[in-house]
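Number of protein chains: 2
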Amino acid sequence: MRTFVVVSHTAPLDGEFSLTDLPGGAGRLDILCRCAVETFLVSHGIRKDARLYLVIRDVLVITLDGERLRHLNPDERSTAALLRRALSQGQDLAPGETRKSTSGISVWRAGLAEVLRSLKEEGSDLILLDEGGVPLPQARLPVRSAFIMSDHREFEPEELALVEKLPRVCVGPRWLHGHQCITLVHSELDQREAGWTSGLD
Amino acid sequence: MRTFVVVSHTAPLDGEFSLTDLPGGAGRLDILCRCAVETFLVSHGIRKDARLYLVIRDVLVITLDGERLRHLNPDERSTAALLRRALSQGQDLAPGETRKSTSGISVWRAGLAEVLRSLKEEGSDLILLDEGGVPLPQARLPVRSAFIMSDHREFEPEELALVEKLPRVCVGPRWLHGHQCITLVHSELDQREAGWTSGLD
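In order, the protein sequence lines correspond to chains D and L.
Per the working numbering, residue -6 is the first one in the first sequence, and the count goes up by one each step.
Per the working numbering, residue -6 is the first one in the second sequence, and the count goes up by one each step.
The set of hints was computed from the structure by calculation and includes no laboratory data.
The reader is advised that the hints may include incorrect statements.
What the hints assert, rightly or not - Restricting the straight-line Cα-Cα distance to at most 20 Å, the calculated cross-link-like pairs of lysine to any residue (SDA-like) are:
| # | chain 1 | residue 1 | chain 2 | residue 2 |
| --- | --- | --- | --- | --- |
| 1 | D | K41 | D | T95 |
| 2 | D | K41 | D | G89 |
| 3 | L | K41 | L | V52 |
| 4 | L | K41 | D | W168 |
| 5 | D | K113 | D | G89 |
| 6 | L | K41 | L | A187 |
| 7 | L | K41 | D | S94 |
| 8 | L | K41 | D | R167 |
| 9 | L | K93 | L | P5 |
| 10 | D | K113 | D | A154 |
| 11 | D | K41 | L | R167 |
| 12 | D | K41 | L | W168 |
| 13 | D | K93 | D | R63 |
| 14 | D | K113 | D | R63 |
| 15 | D | K93 | D | A74 |
| 16 | L | K93 | L | E107 |
| 17 | D | K41 | L | E147 |
| 18 | D | K41 | D | F10 |
Sequences are here, hints too, so could you generate the full structure?
Encoded structure:
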């Protein structure tokens, strides 16, 4: 299982936005759409062994599970429609409550602390994607790794407190967009599993 | 210089389409948008040493040059607007004629044969991205490589005749989308240039 956690500081907390201005009116929801596409889509298929947690303003978490995910296409607009539907479902949730949206997508009233606690409890190894980390080709990447990153903004201090002691991995010598980091992590793991590169795990 | 050539079999040959249905009414223009984003964008910047040729139905070529490229944002819709503007500029071109669109983007009445001939004449090494190729980590990647790929469809027989004798490189053990291949080629070259991995060139 490969898990990605993307922390969004600007995406909407409801579904009241237009799909025609994702970078502006929808608070950079385009970033989360690209992260979803890169987490799950390969040519003519879906990565069933992948999960994505989109932590929005530490209030709502959209979870996407490759095992049951349907209706995800590679274009941003249709992906945004799926996320908007999930956000609409999250309006009156009590803290800790979860509600299903479309197949493989649910919304959870929780924040980063709850996501990380849940991942630790199930035995995932948390890894922070960070430019100061160990280069990806040399990094230890356990089978149940969960990779955590921020959106276009830095982590807030209270978020940083939750992640700053985690092992850090750097995906490349250039500073890249979040969705590109996901593509590169998948590729490194694909190559290790296929014996193209050795890695350490 | 890193050059990518993407052959599209379905994108429109004019600008008469809506930005709200890129996968459908605009003939999978979303694929070309993602290829443009991955060719040029890194976090907070543009790769100036990159070029992209979008060969559309062997009739029009949109060329994007990182050295002069402006107005490119990571979301698909605004990228599609740039490509639509270029397509509108290409309507009455004579064969071989080129016209500038927005900064760093021009449109050329030509097909795959003319693009490949131009790249060979300037000394680029042509490489076909293909699942049967040499694994990327072991591939010879000269400094002036030009990487050629098709869109969601196979090459047509007359296109295949132009590329089938080229050296082939495979970006990963999974079959990926075209834009993901671009991300991975860039990353491999970034890592070789930074000394993270050795490569052969």
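| Is the Cα-Cα distance between K113/D and R63/D 20 Å or less? | violated, 27 Å
| query | Is the straight-line distance between the alpha-carbon of K41/L and that of W168/D 20 Å or less? | reply | holds, 15 Å
| query | Within 20 Å, alpha carbon to alpha carbon, are K41/L and V52/L? | reply | Measuring from Cα to Cα gives roughly 27 Å; hence the hint is violated.
| message | Checking one constraint from the list: CA of K93/L to CA of P5/L, max 20 Å. Satisfied? | response | holds, 18 Å
| Would the pair K93/D and A74/D pass a check requiring their Cα atoms to be no farther apart than 20 Å? | holds, 15 Å
| said: Against the 20 Å threshold, does the CA-CA distance of K113/D and G89/D hold or violate the hint? | reply: holds, 17 Å
| task | Compare the distance between the alpha carbons of K41/D and T95/D with 20 Å, and conclude whether the hinted pair is satisfied. | result | holds, 16 Å
| task | Compare the distance between the alpha carbons of K41/D and F10/D with 20 Å, and conclude whether the hinted pair is satisfied. | result | violated, 30 Å
| query | CA of K41/D to CA of G89/D, is that 20 Å or under? | reply | Given pair K41/D, G89/D is violated - Cα atoms ~26 Å apart, limit 20 Å.
| field | K113/D paired with A154/D [C-alpha distance capped at 20 Å] | value | holds, 16 Å
| Distance restraint between K93/L and E107/L, which requires alpha-carbon spacing of 20 Å or less | The hint holds at about 18 Å.
| Keeping to a limit of 20 Å between CA atoms, is the pair of K41/L and R167/D held or broken? | holds, 13 Å
Hint check: violations occur at hints 2, 3, 7, 14, 17 and 18; the rest are consistent with the structure.
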